[in-house]
Amino acid sequence: MNDQVLQILSLGLMSLVAAASGLIGVFALTRRMTLAADAISHIALPGIGIALLLKIDPVIGAAVMLVAGAFVVWALEKKTKISTEAVIGILFTASLAIGSIIIPVEEDLLDALFGEAAIFNSLELALGIPLAIIIIFLVLKYKDKFTLSFISPDIARTSGLSVSKLDLLYLLLFVGTIVLGLKFLGALLMGSLIIVPAAVSRNIARSFSSDLLISLLVAVFSAFVGFVVAAHYGIATGPAIIMVAAGLFFVSVFFSE
Amino acid sequence: MDKPAILTVEKLRVSFDHNVILSDLSFTVSRGGTVAIIGPNGAGKTALFRSLIGSIPHKGSVTWAPGVRIGYVPQKLGIDRNLSVTLRDFLSFKRSILHLPELVIPEVLRYVHLGEDKLNVPLGGLSGGDLQRALVALALIGNPDVLLFDEPTAGVDLPGEERIYHTLHELQDRYGITLIFISHDLNLVYRYADTVICLNRSLVCFGSPEETLNEDVLDKLYGSKIHHHLHQHE
Numbered sequence: 001m002n003d004q005v006l007q008i009l010s011l012g013l014m015s016l017v018a019a020a021s022g023l024i025g026v027f028a029l030t031r032r033m034t035l036a037a038d039a040i041s042h043i044a045l046p047g048i049g050i051a052l053l054l055k056i057d058p059v060i061g062a063a064v065m066l067v068a069g070a071f072v073v074w075a076l077e078k079k080t081k082i083s084t085e086a087v088i089g090i091l092f093t094a095s096l097a098i099g100s101i102i103i104p105v106e107e108d109l110l111d112a113l114f115g116e117a118a119i120f121n122s123l124e125l126a127l128g129i130p131l132a133i134i135i136i137f138l139v140l141k142y143k144d145k146f147t148l149s150f151i152s153p154d155i156a157r158t159s160g161l162s163v164s165k166l167d168l169l170y171l172l173l174f175v176g177t178i179v180l181g182l183k184f185l186g187a188l189l190m191g192s193l194i195i196v197p198a199a200v201s202r203n204i205a206r207s208f209s210s211d212l213l214i215s216l217l218v219a220v221f222s223a224f225v226g227f228v229v230a231a232h233y234g235i236a237t238g239p240a241i242i243m244v245a246a247g248l249f250f251v252s253v254f255f256s257e
Numbered sequence: 001m002d003k004p005a006i007l008t009v010e011k012l013r014v015s016f017d018h019n020v021i022l023s024d025l026s027f028t029v030s031r032g033g034t035v036a037i038i039g040p041n042g043a044g045k046t047a048l049f050r051s052l053i054g055s056i057p058h059k060g061s062v063t064w065a066p067g068v069r070i071g072y073v074p075q076k077l078g079i080d081r082n083l084s085v086t087l088r089d090f091l092s093f094k095r096s097i098l099h100l101p102e103l104v105i106p107e108v109l110r111y112v113h114l115g116e117d118k119l120n121v122p123l124g125g126l127s128g129g130d131l132q133r134a135l136v137a138l139a140l141i142g143n144p145d146v147l148l149f150d151e152p153t154a155g156v157d158l159p160g161e162e163r164i165y166h167t168l169h170e171l172q173d174r175y176g177i178t179l180i181f182i183s184h185d186l187n188l189v190y191r192y193a194d195t196v197i198c199l200n201r202s203l204v205c206f207g208s209p210e211e212t213l214n215e216d217v218l219d220k221l222y223g224s225k226i227h228h229h230l231h232q233h234e
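If you're matching them up, the sequences are chains Z and C in order. Using the UniProt record's numbering, you'd call the opening residue of the first sequence number 1 and step up by one each time. Using the UniProt record's numbering, you'd call the opening residue of the second sequence number 1 and step up by one each time.
The hints are simulated quantities; they were obtained by calculation from the structure and are not laboratory data. Cβ coordinates follow ideal geometry from the N, Cα and C atoms, glycine included. Worth double-checking, as some hints may not be accurate.
Sample of chain C residues at the chain Z side, in silico, Cβ under 8 Å [what the hints assert, rightly or not]:
{"#": "1", "residue": "I53"}
{"#": "2", "residue": "G67"}
{"#": "3", "residue": "I70"}
{"#": "4", "residue": "G71"}
{"#": "5", "residue": "Y72"}
{"#": "6", "residue": "N82"}
{"#": "7", "residue": "T86"}
{"#": "8", "residue": "I97"}
{"#": "9", "residue": "H99"}
{"#": "10", "residue": "E102"}
{"#": "11", "residue": "V104"}
Calculated pairs, DSSO-like style, for lysine-lysine (alpha carbon to alpha carbon, straight line, at most 27 Å) [unchecked claim]:
{"#": "12", "chain 1": "C", "residue 1": "K59", "chain 2": "Z", "residue 2": "K78"}
{"#": "13", "chain 1": "C", "residue 1": "K59", "chain 2": "Z", "residue 2": "K79"}
{"#": "14", "chain 1": "C", "residue 1": "K76", "chain 2": "Z", "residue 2": "K78"}
{"#": "15", "chain 1": "C", "residue 1": "K76", "chain 2": "Z", "residue 2": "K143"}
Short, incomplete list of chain C residues facing chain Z, as computed with Cβ under 8 Å [what the hints assert, rightly or not]:
{"#": "16", "residue": "G54"}
{"#": "17", "residue": "S55"}
{"#": "18", "residue": "L83"}
{"#": "19", "residue": "Y175"}
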């Protein structure tokens with residue numbers, strides 16, 4: 001593949017990941033897990049560190065840790081909410097600490113935290129594009145069930161839904177989206193591409209379907225503009241994307257009722 | 001009891017972190033009955049409801065008649081005020097989960113006397129009374145055999161409360177739904193319930209309101225201050 005094709009496909013994958021983030025974020029706000037959502041991506045860091053030590057692809061290490069993290073959060077949330085918040089806070093900051101100790105090279109650590117240039121290789125594209133499409137498909141397929149069970153697990157249960165399974169599915173889709181975004185946003189910023197567009201949309205949307213659409217468009221727009229701006233001015237892609245999303249959030253505040 | 005049982009609870013026990021919320025609770029509800037659950041704050045009323053629908057772990061047994069469909073009306077919703085979900089969205093979630101046609105939405109709105117002009121209002125923008133009607137409408141989607149109704153402690157005025165009970169009573173007459181409700185208003189209990197369950201972490205009384213709600217029982221439940229309240233209503 002020549003560079004130009006790779007660049008176009010990378011932009012395509014980034015847009016798909018942004019679309020998935022925008023959708024996933026709407027449910028994260030409904031589920032009132034803003035803080036956990038932002039912090040859960042930190043759990044990728046020890047995985048990246050271990051992968052670098054073992055000289056394997058860091059994304060594999062991150063994915064293993066994140067999926068394990070999703071199961072931990074799921075199991076904890078079955079218990080009381082208050083203790084979960086505390087445990088999640090401790091678990092994730094500990095992950096950040098462990099990650100920064102075991103990732104040996106400073107440049108690798110910066111990439112892991114803030115992302116690197118958003119050009120994917122052929123293998124990443126071949127795996128990433130289908131995975132992003134599957135995540136978007138599943139989120140849209142389960143949107144009604146997710147929302148009802150996040151608004152009221154008790155009503156969802158009496159409507160015949162398995163709340164616990166839906167929770168696990170959602171958390172897995174959530175960490176799947178984080179894995180996809182780690183390359184260009186890093187463990188510190190990826191949570192923001194999930195939360196910020198959904199928060200923008202919350203200020204503007206007047207129905208659930210418009211909420212999903214606005215959040216998706218804000219995420220894709222931020223990724224696209226951030227990518228172009230970063231390439232043009234030679235700055236890091238991840239921070240540029242989040243700056244655009246944050247800018248849109250401040251504008252959206254004026255539209256909030 | 002002549003009518004067959006729709007719910008049988010035996011030796012129910014609920015506890016959180018060694019704190020016993022309900023213990024040794026046994027009772028039966030017959031099909032088509034109207035059962036009121038009363039008791040002071042912290043008596044375990046909502047915990048009883050949540051164990052009836054299987055959302056909190058418990059010991060003992062909760063047995064519903066085979067194939068029973070439950071409509072659950074919670075006391076409140078844990079939602080943010082700016083949640084984008086409108087009344088239409090909210091009702092559509094359950095409608096689509098149960099694969100029912102669009103027309104069930106205007107139908108359930110009619111049952112609870114809620115105007116279709118409210119459909120595009122976000123849930124956070126509904127008044128307390130309208131939100132309660134919306135929750136009842138949602139519970140009615142899918143033709144439940146039994147309605148579990150947890151009365152809100154805030155946000156609904158007294159006439160609004162009366163209206164909703166009147167509506168529930170109508171639905172019951174028309175469709176034979178079994179109604180189990182938690183109430184804080186003894187007046188409503190006397191008017192609508194054929195059976196009352198008095199709860200204070202365990203069963204204090206069970207039977208018809210006229211026969212069971214005597215001074216001793218009310219003393220056990222609420223202390224002496226309730227008597228004045230009762231006389232006022234009578």
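So, going through the hints one by one against the coordinates:
1. Interface hint status for C/I53: upheld, as the beta-carbon distance to the closest one in chain Z is roughly 5 Å, under 8 Å.
2. With its C-beta approaching chain Z no nearer than about 12 Å, C/G67 sits outside the 8 Å limit, and its interface hint is violated.
3. Because the closest C-beta pair between C/I70 and chain Z is about 5 Å apart, less than 8 Å, the hint holds.
4. Below 8 Å, beta-carbon pairs count as interface contacts, and C/G71 has one with chain Z at about 7 Å; its hint therefore holds.
5. With a least beta-carbon distance of about 4 Å to chain Z, the hint placing C/Y72 at the interface is held under the 8 Å criterion.
6. Taking 8 Å as the C-beta contact cut-off toward chain Z, the hint placing C/N82 at the interface holds, the least distance being around 6 Å.
7. Restraint check, C/T86 versus chain Z: the minimum CB separation of about 5 Å is within 8 Å; hint holds.
8. The restraint placing C/I97 at the interface with chain Z holds, with a minimum CB-CB distance near 6 Å, inside the 8 Å limit.
9. Taken as an interface hint, C/H99 does not check out: its beta carbon lies about 11 Å from the nearest beta carbon of chain Z, beyond 8 Å.
10. Restraint check, C/E102 versus chain Z: the minimum CB separation of about 14 Å is more than 8 Å; hint violated.
11. Because the smallest distance between the Cβ of C/V104 and any Cβ of chain Z comes to about 13 Å, over 8 Å, the interface hint for this residue is violated.
12. Of the pairs offered as hints, the one joining C/K59 and Z/K78 holds, with about 18 Å between alpha carbons and a cut-off of 27 Å not exceeded.
13. For the proposed pair C/K59 and Z/K79, the alpha carbon gap of about 17 Å is at most 27 Å, so the pair holds.
14. In summary, the hint linking C/K76 to Z/K78 is supported, as the alpha carbons are separated by about 21 Å, within the 27 Å threshold.
15. A C-alpha spacing of about 22 Å is found between C/K76 and Z/K143, which places the hinted pair at or below 27 Å, so the restraint holds.
16. Annotation: interface hint on C/G54 holds; nearest CB of chain Z at approximately 6 Å, less than 8 Å.
17. Hint status for C/S55: holds, given a least beta-carbon distance of 5 Å to chain Z, under 8 Å.
18. With its C-beta approaching chain Z no nearer than about 7 Å, C/L83 sits inside the 8 Å limit, and its interface hint holds.
19. Checking C/Y175 against chain Z: minimum C-beta separation of about 17 Å lies over 8 Å; hint violated.
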